[in-house]
Amino acid sequence: MILTAEDLLIPISSLILITAFYMQGQEFIRPMIRGQFVQSILLAVVSVIMWYLTHDIDFIVLAVLIVVLRGFLITYFLEKGIRKDQVHLHEKHVSVAFPFLISLVFVLTAVLIVYSVVFSSIRIESITGNQGILVFPLALFFQGLFLIASRRTTYAQIMGYIEEENAIVLFAVFLLPIPLLIEASVFLDVLALVVISSVVVLEKFTHERVEELKG
Amino acid sequence: MNSVFLLLIITLIFPVVSYLGYLSRIPRLDSAISLANVALALYLYEFIPYVGTFYVDFTTWVFILMVTSIHLLSQVYARSYFQNHKIGIGENLFYLLMGLFTTSMLFSLEINNLGLMWVGIEATTISSALLLMAEKSETSAEATWRYIVIVSAGVTFAFISIILIYYSLGTLQISSILGMKIVPSLTLNVAVAIALIGFGTKVGVFPVHTWLPDAHSEAPSPISAMFSGVLLPTALYVLYRIYQIDPLRDIFVWAGVISVIAASLFLGYQTRYKRMFAYSTMENMNLALIGLAVGGPYGLIGALLLLLSHSFGKAGAFYSSGSILRYTGNKKIEGVHGLWKSMPKTSGALLMSSFAVTGTPPFGTFFGEFLIFYALFSIHYYAQLVILLFFIMAAFISVNYNVTKMVFSGEGEKNGNEDSVMSGIAVLSSVIPLLIGIIYVVVTTVAL
Chain A
1 MILTAEDLLI PISSLILITA FYMQGQEFIR PMIRGQFVQS ILLAVVSVIM
51 WYLTHDIDFI VLAVLIVVLR GFLITYFLEK GIRKDQVHLH EKHVSVAFPF
101 LISLVFVLTA VLIVYSVVFS SIRIESITGN QGILVFPLAL FFQGLFLIAS
151 RRTTYAQIMG YIEEENAIVL FAVFLLPIPL LIEASVFLDV LALVVISSVV
201 VLEKFTHERV EELKG
Chain B
1 MNSVFLLLII TLIFPVVSYL GYLSRIPRLD SAISLANVAL ALYLYEFIPY
51 VGTFYVDFTT WVFILMVTSI HLLSQVYARS YFQNHKIGIG ENLFYLLMGL
101 FTTSMLFSLE INNLGLMWVG IEATTISSAL LLMAEKSETS AEATWRYIVI
151 VSAGVTFAFI SIILIYYSLG TLQISSILGM KIVPSLTLNV AVAIALIGFG
201 TKVGVFPVHT WLPDAHSEAP SPISAMFSGV LLPTALYVLY RIYQIDPLRD
251 IFVWAGVISV IAASLFLGYQ TRYKRMFAYS TMENMNLALI GLAVGGPYGL
301 IGALLLLLSH SFGKAGAFYS SGSILRYTGN KKIEGVHGLW KSMPKTSGAL
351 LMSSFAVTGT PPFGTFFGEF LIFYALFSIH YYAQLVILLF FIMAAFISVN
401 YNVTKMVFSG EGEKNGNEDS VMSGIAVLSS VIPLLIGIIY VVVTTVAL
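The listed protein sequences derive, respectively, from chains A and B.
Under my numbering, the first residue of the first sequence is numbered 1, with each subsequent residue one higher.
Under my numbering, the first residue of the second sequence is numbered 1, with each subsequent residue one higher.
Treat the hints with care, as some may be off.
[To be verified] Cβ-Cβ distance ranges computed for the label pairs, FRET-style:
no., chain 1, residue 1, chain 2, residue 2, range
1, B, Asn-417, A, Val-105, 53 to 63 Å
2, A, Val-61, B, Tyr-45, 51 to 61 Å
3, B, Lys-136, A, Ile-57, 54 to 64 Å
4, B, Lys-136, A, Phe-28, 24 to 34 Å
5, B, Leu-23, A, Ser-116, 50 to 60 Å
6, B, Ser-137, A, Glu-27, 26 to 36 Å
[As the list claims (entries may be wrong)] Going by beta-carbon spacing under 7 Å, a handful of chain B positions derived as facing chain A:
no., residue
7, Tyr-43
8, Val-149
9, Leu-169
10, Thr-171
[To be verified] Listed below are several chain B residues computed to face chain A (Cβ distance under 10 Å; list not exhaustive):
no., residue
11, Ser-152
12, Leu-164
13, Tyr-167
14, Phe-377
15, Ile-379
16, Tyr-382
17, Val-386
18, Leu-389
Keep in mind the hints are simulated off the structure, nothing from the lab.
Keep in mind it's a predicted model, so treat the numbers as computed, not measured.
Note that CB positions come from ideal geometry on N, CA and C, so glycine has one too.
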């Protein structure tokens with residue numbers, strides 16, 4: 001049996017999802033950042049496969065942007081924020097196992113609901129003609145949301161946000177080629193995350209309830 | 001090159017040019033450039049509707065006028081607000097970001113492409129986040145972070161809506177979409193409903209409004225004024241353009257009604273005045289959302305009248321709040337007394353703006369709300385109308401009770417040290433909604 005480029009999309013998308021669950025299960029910050037790096041590189045690989053399938057050069061541009069900006073630049077800035085003596089920087093008082101299980105249940109339930117309510121009624125076809133492949137960006141999106149909600153450190157929440165953005169890019173890449181817009185969003189993400197988040201990371205490491213912000 | 005296109009480009013770059021005016025150290029050059037931008041925005045009326053790279057009709061024009069005006073007022077106010085007061089992010093950066101923030105709002109309003117509008121809305125988050133942190137306190141850092149995370153998550157969600165619209169219609173150009181004979185499909189329904197949640201995060205729709213009170217209460221007052229007065233309406237404008245593709249009237253109206261109920265209930269137990277005004281913004285934005293969703297001449301004009309008057313009224317409320325905070329150092333309603341003695345001009349502005357944002361006659365907001373209610377009545381949405389009347393009454397009492405308490409209760413020091421520019425800008429902002437109301441009455445009387 002000959003393996004086609006299209007056949008590779010599902011295992012690579014599964015790997016992207018696995019990196020998301022890996023990040024959810026991490027207590028330490030540095031492995032999370034590296035998980036985010038791997039996820040972005042895998043996303044770039046998907047973009048390259050899409051170029052191979054469609055011969056649209058924009059997908060190559062997108063892949064390069066993802067590798068340079070998300071893969072290296074964001075990883076560099078986030079790692080730079082961790083001092084050498086903070087190699088084992090982690091989120092205190094956080095239980096990892098229980099939220100990890102909850103996240104599995106949450107993501108599964110959310111995807112099932114979306115599929116049974118929305119996709120059963122409307123026909124949305126991916127470029128490859130396979131509607132089922134859209135389950136990966138959806139699951140990644142919900143997982144990103146859960147990561148933001150379940151953690152209190154700025155780092156973990158940034159990671160959740162990047163996951164969400166990756167999910168949107170994956171969704172758009174599978175659904176239709178509008179790379180100009182995707183590139184714009186990638187560019188803006190970098191501005192937002194690198195410039196603003198690094199400032200916030202310096203100011204605040206964790207986020208607890210603040211008396212003045214109640215009500 | 002088309003002269004209108006050039007005019008629109010100039011309105012886009014002038015906010016940043018005004019920053020260069022600030023750098024030149026020529027007194028008030030930055031304000032003069034911003035004033036010129038307001039004049040250009042007014043002049044733009046001659047050329048509407050304009051369709052090309054940009055899309056500007058009467059609705060867009062009203063929003064452009066709001067943005068340029070509030071930028072001018074906030075810029076003048078900020079110069080005095082930060083005098084003798086250490087600013088956390090550097091004054092140069094503050095004014096640069098203020099210019100970029102205004103440009104990104106104007107870009108979102110003017111551009112003839114939904115995808116690029118989305119880019120503009122994302123850009124407003126980037127340019128405004130550091131402005132929010134300007135006071136550099138523990139609380140403002142937390143509020144900034146909540147703003148970034150919640151709004152970015154929402155706007156990311158909105159991107160799904162943009163993707164689905166492109167998937168369904170094959171274009172994102174607003175003029176083309178509005179000219180199409182669109183047959184509503186379930187995909188479009190989903191796209192518009194997702195936009196309500198996604199862009200609704202920035203508009204202040206319940207329950208995705210939670211960043212709003214934090215950001216408004218912790219931002220420096222000139223920035224709170226821009227958030228309330230023009231940022232939320234800009235997001236509302238983008239949401240309205242998407243709504244026009246496939247009007248899900250019932251969903252939008254009920255979302256607005258539930259949000260007004262929530263805002264009124266939150267208003268009932270606020271202990272900090274800037275936070276109180278933030279919830280009042282949520283109430284007004286959702287009333288405008290209902291007006292735009294109901295549509296027709298009454299709904300649309302009502303919403304525009306409400307938004308225009310509210311932008312100045314709420315800016316006035318935040319300018320007054322900023323002066324009070326500077327003078328008393330207290331954010332709590334209970335901690336402020338006898339303002340009519342200590343800060344006569346500011347307290348006058350606070351009272352006027354409080355009446356303006358709660359829809360007191362004859363302010364423009366009153367006529368805006370009246371038209372929206374009439375529009376609801378004319379399409380037989382009686383239940384929604386009754387609920388709204390009850391809850392806006394509750395909001396009216398909550399806001400005005402607290403404000404009158406701050407102004408008239410207790411004894412304040414006589415003639416406290418009021419900054420003339422800050423109080424002057426607050427008075428000017430709070431008087432404009434009154435003028436809008438009077439002009440509206442005169443114009444409609446003459447027309448009849």
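- [ ] May I ask which of the numbered hints given earlier this structure violates, with the numbers listed in increasing order?
- [x] Structure breaks hints 2, 3, 7, 9, 10, 14, 15, 16, 17, 18.
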